[in-house]
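Protein chains: 4
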Amino acid sequence: MNFGSDNWAGAHPEIAASLTTHAAGFAKPYGESDLDAAIEEQLKTAFEHDLSAFFVATGTAANSLALTAVSKPGGIVFAHREAHIIVDECGAPEYLSGQLRICPIDGEQGKMNLKALRSEVERVAAYDVHGGRPVAISITNPTESGTVYTLSEIDAISAIAKEFHLPLHMDGARFANGLVSQNCSPAEMTWHRGVDILSFGATKNGCWCAEAVLFFNKPLAQDFRFLRKRAAQLFSKSRFVSAQLEAYLKNDLWLRIAQHSNALCRQLASIFDACPRMRIVRTPAANELFVIMKVEDADMLEREGVVFLRWPEAGMGVVGEGEVVGRFVTSFATTGEGVRGVGGCLGVEVEGINGH
Amino acid sequence: MNFGSDNWAGAHPEIAASLTTHAAGFAKPYGESDLDAAIEEQLKTAFEHDLSAFFVATGTAANSLALTAVSKPGGIVFAHREAHIIVDECGAPEYLSGQLRICPIDGEQGKMNLKALRSEVERVAAYDVHGGRPVAISITNPTESGTVYTLSEIDAISAIAKEFHLPLHMDGARFANGLVSQNCSPAEMTWHRGVDILSFGATKNGCWCAEAVLFFNKPLAQDFRFLRKRAAQLFSKSRFVSAQLEAYLKNDLWLRIAQHSNALCRQLASIFDACPRMRIVRTPAANELFVIMKVEDADMLEREGVVFLRWPEAGMGVVGEGEVVGRFVTSFATTGEGVRGVGGCLGVEVEGINGH
Amino acid sequence: MNFGSDNWAGAHPEIAASLTTHAAGFAKPYGESDLDAAIEEQLKTAFEHDLSAFFVATGTAANSLALTAVSKPGGIVFAHREAHIIVDECGAPEYLSGQLRICPIDGEQGKMNLKALRSEVERVAAYDVHGGRPVAISITNPTESGTVYTLSEIDAISAIAKEFHLPLHMDGARFANGLVSQNCSPAEMTWHRGVDILSFGATKNGCWCAEAVLFFNKPLAQDFRFLRKRAAQLFSKSRFVSAQLEAYLKNDLWLRIAQHSNALCRQLASIFDACPRMRIVRTPAANELFVIMKVEDADMLEREGVVFLRWPEAGMGVVGEGEVVGRFVTSFATTGEGVRGVGGCLGVEVEGINGH
Amino acid sequence: MNFGSDNWAGAHPEIAASLTTHAAGFAKPYGESDLDAAIEEQLKTAFEHDLSAFFVATGTAANSLALTAVSKPGGIVFAHREAHIIVDECGAPEYLSGQLRICPIDGEQGKMNLKALRSEVERVAAYDVHGGRPVAISITNPTESGTVYTLSEIDAISAIAKEFHLPLHMDGARFANGLVSQNCSPAEMTWHRGVDILSFGATKNGCWCAEAVLFFNKPLAQDFRFLRKRAAQLFSKSRFVSAQLEAYLKNDLWLRIAQHSNALCRQLASIFDACPRMRIVRTPAANELFVIMKVEDADMLEREGVVFLRWPEAGMGVVGEGEVVGRFVTSFATTGEGVRGVGGCLGVEVEGINGH
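Residue numbers (the numbering used here), protein chains in the order written: chain A, 102 to 457; chain B, 102 to 457; chain C, 102 to 457; chain D, 102 to 457.
Just so you know, these hints were derived from the structure itself, not from any lab.
One or more hints might be untrue.
Note: identical chains are not told apart, hence a pair may lie in one copy or across any two.
Straight-line alpha carbon distances no greater than 27 Å define the calculated DSSO-like cross-link-like pairs of lysine-lysine that follow [said to hold, decoys possible]:
| no. | residue 1 | residue 2 |
| --- | --- | --- |
| 1 | Lys351 | Lys145 |
| 2 | Lys173 | Lys319 |
| 3 | Lys319 | Lys216 |
| 4 | Lys129 | Lys263 |
| 5 | Lys216 | Lys395 |
| 6 | Lys351 | Lys216 |
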């Protein structure tokens, strides 16, 4: 009954096996092995578009260096107030870009409010050298709140980006969960919508360590080889990432894992829904779920061995006296048994939760 | 017959197996798992000293953040002219520290000349705010030239560091090879000598990706948690590094691998020694070997399937017209058969090269 | 009738004269002249406290380097949403500190709301390495809105700073105008209140170029000599600043200029107050005045030769259709004649506006 | 008898007078006044070329931001080992550019050796992402050693820059002294030779504070407005620099001052030449003179009131036991009387030293 986070899980067996398979033999280091090249080709196929792919060590690196690639002196990036790049990266985007400021945009359900976004971009664009200048818009999909931007919602943000000639970056730390949620193709979620750069996260979805920056807009990648090396993000034995991604992409493993995680998240939601003492916050659309509960219920769940995080209330809406927000995340390692176990703790039984 | 580099090899089978073993189950992310804690304890035991250990993604990250941890405004680090931090890290130390300048020190055999080192440190320390100030001395052991500082040579540099109240950093990208070469303990190579911070590299010695910064002088690590996260170097599933190091340290695998690599390097050297058309540059003491040869011999070896790098001559001494420097590196994956194969290409046979 | 800004004025005649006086003769450069030392002593006397004073080129430099001096990796500074360091410095604080993030705090009248401030500081302090950490609180006094924090308002913010062990920085770009407004001493406005570092601005108040960082908390200045030089902010002929400040401090010239500017600002306000088509925004307390007017009135004033800035509405409250915010700033160079001239344009006459 | 440095002098009377003249009246701040525009035009006339001019606070800022303007990730600049940007700027170029490394080039007489320069540029250009990449060549003229590159010497360096497609930067902290020394026009010293960016220093030559970056290659200035503001180098009352430069350029005051300084430096040299106990180091060509003397002579001169700096020997050639290098600098404020005074101390009389 561990819902701590999708990075509390280890690696999917097929991914671990691939690492063992590729452990033998010699190959060029620093991203120049045949396997590295093959994975880039597979990504092109998966996204139905030419692209440049760069492995980095962490999602924070992917986001920060993606934004660094489009930064300019005085540059300002626009992102939702709760975006990972603002709240959870310890200043890495400012640090690695050497200055970038991230302008927080309000919005319900973890999604940027269009009017607020336009207003802030306009204000900065209109001001002079003192105020800096817009350089990018960044969206997280799925969002930090477990919701997912629909394709038309992305279109609306993309239109603002295009109007102001700004590249559009997507933080896809849980990209596969978003795809499955929207039942769309990788292409439809990204470059069809005008996304220029994607932080393509695979770690949370069953890899040990596999994060990449994908440039659909290849000229933006011009300096990235140097940016990555200079930021100490160029793995020597880079095929250890490629080996993971080979298994990840093979037979749609990535989508199957995400379907599994999303499905179990929905089932967990149905359990909370059925429990009158629990209130689900926002509309879960991927593999994250935020629930308001009484402190004593949270204590009880933990005593029973349910692992989840108590979340800062900020922006989570009306949390009453004696209440707490719990975050639950599912992953490839989550089992139907674990989900049913939560139901058991709450005295709730829901049909249709399958599997072990 | 691949001697391209020790990072052309993949992962040692025991290390790959450990990753598979630890792929299952849940554990706290971001360096807070039980396994992460256990590995830190094992490192304390291996080094016979209390220490703080931080995993990072690359050796460049280890070096750059170690130096950032001791940096100050106007800071200058002193290192050998051929040091990895000067020649091979694309400016990462300057970038990640936000300014550090690295003052190159001359010296034979890849080792800093003591008089030159003292003279430069004195000059900077004596000057005022315009000239900056000394903040650290960094040595690479084994050096970039394949030589190894003896314990007394480290003592002499350490004495200068202590005299000027400078922390001493050691870039140990091939640390195990150095230990085996000097037949000394980890403690004797490091804090016994006054080394404050070690970049502890395991990737080149059989891991997929395992680099750590070890602080024997723990107060210097005060801000490192933030430095690492801010530099996008904090792995979420950090136990994938711990799992590698568990196997690495177990039953002295790391030392056994290094003994293997060093031994095969010596045997390769004996082959080149026996070939009058080849001149070994510097005294190989670990698992790297630099050889001056005629261009036609280099071409022939490559045609025969021997993989090695043609090295820039800079600092490699007298390279004649029509000659080239070849670098050969051995690793856990190097075989006696491969070494004998080089002998075969050169028509040289040497006794005592064992194993497959 | 020029109210463009207090930096549209040149230099006060006494300040220009002092520069001429000190143009002759030789003196040590880089802040080490006798005159530089004498001015530091005069500042100690004026502030009734020991302090370290450092000249820099601009107010942006003073603010950014003051914050850099107290920065740490992952550091977050708290400041009002409209603070100069957020809105008007093109990212200089992030850039010069190498990462600092500035967390915007809401609040009426250009002043931080105490509850909002405490809530944000608490949130960041409670979170872990991912969220960074609080490193300073910065207030602007007078504020960007032309209001002035009272002594007790500063006390309340200072209490939060002390509670969280954060240094308190004051951006005093118009410091003298604030003093005169509150009718208090330099000491009472600063270290009496717990202010640790002051950006002491004199340029806007009649100097050509005279900005200093004053550390009442001297240990915080430990690295500042290097910070300043490294940021290219160490003037060689530093006595050209000292010469200005000599005249500035002599016979309270600085306070007399501020009294003049504040008085004329009040008189200008009384004119706008008397004009029913104009609405004064916020309560002017120093030498800046924000007025909502109809676009046609703004056009008319400009045609008549009144110079002022059309200000972005953001945060300025309810600006109706066809209305605009005008910002008017007075300085040593503003004359009663100029102020009366504005009254003339508006058909308003107010008694008690003296002087030329 | 003050030869401490040309920044120990204050301001030339004509420059001080111009500041007083322009102290009155209102003008747009931040470089947008009519006077600012007029000075840019005068610089175009003086240099016989279109250009973009940006005032900054210090020579260090001019150099560091000029190089930042042409920097790229992994960027390496090539400069003489004794260049101000390496030895005297406390890491400002690395800091303000966010990473730049400066590769020191050897060379006699303070001038880069062509072969050494080419060899280093070639080495870096040939290496891959690990080694970074060349981004600029920077020369100082007059050099830090008081010598001056001839026009053909600049041509030779410029040819290497062009061959490798690198912009050529000139640190002209004492630019006027160099012009007068070579008896050439500003154009001939700069863009005729292929210089793309000039740090145009006027402070040392009689101004209080007047440094500018001049881009002859205007596309390189594209981001400079933002670079300057972000680096806290945009003066609000920028016309205080323009006012100085107005007087500086008027009736060739700048060249007359430089002629005066250079002439007195030659005369001082003739005194040292006539004194057998003194050895002039390098060939003084501008207004700096390095002299090897016995410590007791240095002591005696200081007792007699001669002010000069004892210079670090590094690179100054053979300094014997009991000897010291003295640096003497002349300026607009140096008098014939002062120079004759040195002769008096040494018991040397030389004809032809005129003026007070």
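Against the structure, the hints:
Taking the shortest Cα distances, Lys351 and Lys145 sit within 27 Å of each other inside one copy (14 Å), while across copies they are farther apart (41 Å). For a Cα distance limit of 27 Å, the shortest separation of Lys173 from Lys319 qualifies both inside one copy, at 18 Å, and across copies, at 18 Å. For the identical chains of this complex, Lys319 and Lys216 are neighbours neither inside a copy (30 Å) nor across copies (38 Å), given an alpha-carbon limit of 27 Å. For a Cα distance limit of 27 Å, the shortest separation of Lys129 from Lys263 qualifies neither inside one copy, at 40 Å, nor across copies, at 34 Å.
For a Cα distance limit of 27 Å, the shortest separation of Lys216 from Lys395 across copies, 25 Å, qualifies, whereas the shortest one inside one copy, 35 Å, does not. In the homo-oligomer, the alpha carbons of Lys351 and Lys216 never lie at most 27 Å apart, since the shortest distance is 41 Å inside one protomer and 53 Å across protomers.
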